[in-house]
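Position 102 (the sequence shown) corresponds to 102 in full-length UniProt numbering; numbering is contiguous.
No lab work stands behind these hints, which were simulated from the structure alone.
Where hints are given, some of them may not hold.
Between beta-carbon pairs, the in silico distance windows are [what the hints assert, rightly or not]:
hint, residue 1, residue 2, range
1, Ala64, Gly138, 37 to 45 Å
2, Ser38, Gly90, 19 to 27 Å
3, Leu81, Lys59, 19 to 27 Å
4, Val124, Gly54, 20 to 28 Å
5, Gly68, Glu36, 32 to 40 Å
6, Arg43, Glu128, 24 to 32 Å
7, Gly54, Glu128, 25 to 33 Å
8, Ala64, Glu128, 41 to 49 Å
9, Trp79, Ser13, 32 to 40 Å
10, Ala64, Tyr25, 37 to 45 Å
11, Tyr77, Gly138, 54 to 62 Å
12, Asn76, Lys136, 47 to 55 Å
13, Gln97, Asn76, 27 to 35 Å
14, Tyr2, Lys40, 31 to 39 Å
Pairs of lysine-lysine, DSBU-like flavour, derived with a Cα cap of 30 Å [as the list claims (entries may be wrong)]:
hint, residue 1, residue 2
15, Lys101, Lys58
16, Lys59, Lys72
17, Lys115, Lys1
18, Lys20, Lys115
19, Lys58, Lys20
20, Lys40, Lys58
21, Lys122, Lys59
22, Lys114, Lys136
23, Lys122, Lys20
24, Lys58, Lys122
25, Lys40, Lys122
26, Lys59, Lys40
27, Lys101, Lys59
28, Lys140, Lys115
29, Lys101, Lys40
30, Lys20, Lys140
31, Lys140, Lys1
32, Lys114, Lys20
33, Lys1, Lys122
34, Lys40, Lys140
35, Lys1, Lys136
36, Lys117, Lys1
37, Lys114, Lys59
Cβ coordinates follow ideal geometry from the N, Cα and C atoms, glycine included.
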Amino acid sequence: KYEYDLLVIGGGSGGLACSKEAAQYDRQVAVLDYVEPSPKGTRWGLGGTCVNVGCIPKKLMHHAALLGAAIKDAKNYGWDLSLPVHHNWGAMANAVQSHVKSLNWGHRVQLQDKKVKYMNLKGVFLDEHTVQGESKQGEK
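All chains should be built: construct the whole structure from the sequences, respecting the hints.
Pasting the structure below:
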């Protein structure tokens with residue numbers, strides 16, 4: 001059993017900002033963040049949908065597409081690209097995932113630095129003042 005001044009359910013951008021702000025005022029703060037794995041077992045880390053499977057990966061892939069378009073247009077601007085240029089989807093996907101994992105890690109470090117307790121648990125309300133954490137194995 002733990003007592004917190006603020007318990008945030010959800011480790012997305014709003015939950016992270018709220019928890020870090022509250023911790024600056026010497027409050028006991030914890031974040032519960034849990035993502036139900038997809039039927040294929042896909043999971044992700046701290047940071048919410050935007051960081052893990054939304055805005056950030058989309059923008060990185062968009063940037064990769066823009067680079068490809070720029071390479072094609074380069075000849076029109078005097079660039080001699082005599083070697084055939086090929087795109088490697090796997091390399092791009094690995095780079096995107098590496099960047100996302102670095103953001104996940106950065107969020108965890110920021111929470112630790114601000115003394116915010118992070119728990120990879122699903123928050124379930126038992127009553128208006130009590131939240132129970134559940135692990136992916138169903139442990140409470």
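### Query
Does the structure break any of the earlier hints, and which numbers would those be?
Per hint list: zero violations.
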